[in-house]
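*Asks:* Hey, can you work out the whole structure from these sequences and the hints?
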Amino acid sequence: DAGITQSPRYKITETGRQVTLMCHQTWSHSYMFWYRQDLGHGLRLIYYSAAADITDKGEVPDGYVVSRSKTENFPLTLESATRSQTSVYFCASSELAGVGQYFGPGTRLLVL
Amino acid sequence: GQQVMQIPQYQHVQEGEDFTTYCNSSTTLSNIQWYKQRPGGHPVFLIQLVKSGEVKKQKRLTFQFGEAKKNSSLHITATQTTDVGTYFCAGDGTSYGKLTFGQGTILTVHP
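Those sequence lines, one after another, are chains G and U. Going by the working numbering, the first sequence wraps up at 144, each residue one higher than the last. Going by the working numbering, the second sequence wraps up at 112, each residue one higher than the last.
By construction, these hints were calculated from the structure, which means they are not laboratory data. Note that the structure is predicted; figures quoted are calculated from it, not measured. A portion of the hints provided could be inaccurate.
[As the list claims (entries may be wrong)] Taking lysine to any residue pairs in the SDA-like style, the calculated list, with each CA pair at most 20 Å apart, reads:
hint	chain 1	residue 1	chain 2	residue 2
1	U	LYS37	G	GLY130
2	G	LYS43	U	GLY42
3	G	LYS89	U	GLN3
4	G	LYS43	U	HIS43
5	U	LYS37	G	ASP70
6	U	LYS37	G	HIS73
7	G	LYS89	U	LYS71
8	U	LYS52	G	ASP70
9	G	LYS89	U	THR95
10	U	LYS37	G	LYS43
11	U	LYS37	G	VAL131
12	U	LYS37	G	THR37
13	U	LYS71	G	LYS43
14	U	LYS37	G	LYS89
[To be verified] Distance ranges between label pairs, derived from CB positions:
hint	chain 1	residue 1	chain 2	residue 2	range
15	U	LYS57	G	ALA129	40 to 46 Å
16	G	ILE44	U	GLU16	37 to 43 Å
17	U	ASP19	G	ARG140	17 to 23 Å
C-beta: ideal position from N, C-alpha, C; glycine also.
*Replies:* Pasting the structure below:
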């Protein structure tokens, strides 16, 4: 039972590079979410998706792009990474809207 | 936009003491959820409260949702070292699952 997985777990990149963080869930949950966690800010929603091909912005979407061509995958792309995007990124999923979310293990991203 | 404030930011207790963290939203919520994150780990869903004035218990943990559906609390009775971690509340103002998280309360338990 893999649940929800994220890759890579750790990533170091340079300013201006494109980076894609992967998220995969095996539950066939309809809803998927991307959060970033920074000291002093808690968890902030970047993007969410209600189903394949349906995505919407969260609280802090600037500089990020998402897609969801398949229910089980929800990749997050940083088109041109900036130092301010250094953070821990968590993917989450839920079966329905407005119920508890299940989080992946996170990706620790450092932008130099 | 919706804001969720959580206090205290830190709490140090001796094992066996009680612990409470409080959460306040700037807007009325559809539901509120609580999560626990162990050091170096990921948030783990604990519970969801939906009804005004709702109280739920999970062993030593008691969760309350205010009458106005704008505040909530988590109380742990007789803390144990396994309770160590950060406790987050997360408010859902729309019921679409777009959560606004509080900043969390970091709980340290001294044996």
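*Asks:* For every hint, state whether the structure bears it out.
*Replies:* Taking the hints in turn, this is what the structure says about them:
Taking the CA atoms of LYS37(U) and GLY130(G), the gap is near 18 Å; set against the 20 Å cutoff, the hint holds. At most 20 Å may separate the alpha-carbon atoms for a hinted pair to count; LYS43(G) and GLY42(U) meet this at roughly 17 Å. Pair hint LYS89(G) plus GLN3(U) holds up; C-alpha atoms about 15 Å apart against a cutoff of 20 Å. At roughly 17 Å between alpha-carbon atoms, LYS43(G) and HIS43(U) fall within 20 Å of each other, so this suggested pair holds.
The straight-line distance between the Cα atoms of LYS37(U) and ASP70(G) is roughly 16 Å, inside the 20 Å bound, and the hint therefore holds. At most 20 Å may separate the alpha-carbon atoms for a hinted pair to count; LYS37(U) and HIS73(G) meet this at roughly 16 Å. Only pairs whose Cα atoms come within 20 Å are accepted, and LYS89(G) paired with LYS71(U) is rejected, the gap being roughly 24 Å. The straight-line distance between the Cα atoms of LYS52(U) and ASP70(G) is roughly 31 Å, outside the 20 Å bound, and the hint therefore fails.
Note on LYS89(G) and THR95(U): the hinted pairing holds, with a Cα-Cα distance of about 14 Å set against a maximum of 20 Å. The hinted pair formed by LYS37(U) and LYS43(G) fails the criterion: a straight-line CA distance of about 25 Å is larger than 20 Å. Restraint check for LYS37(U) and VAL131(G): satisfied, since their Cα atoms lie roughly 16 Å apart, inside the 20 Å limit. A threshold of 20 Å between alpha carbons decides the hint, and for LYS37(U) with THR37(G) the separation of about 19 Å falls inside it, so the pair holds.
This hinted pair does not check out: LYS71(U) and LYS43(G) have alpha carbons roughly 38 Å apart, beyond 20 Å. The suggested pairing of LYS37(U) with LYS89(G) is violated, with an alpha-carbon distance near 25 Å, which exceeds 20 Å. Checked against the hint of 40 to 46 Å, the pair LYS57(U) and ALA129(G) fails, with Cβ atoms roughly 20 Å apart. Distance hint check for ILE44(G) and GLU16(U): the Cβ-Cβ separation is about 39 Å, which falls inside the suggested range of 37 to 43 Å.
At about 34 Å, the CB distance of ASP19(U) to ARG140(G) disagrees with the hint of 17 to 23 Å.
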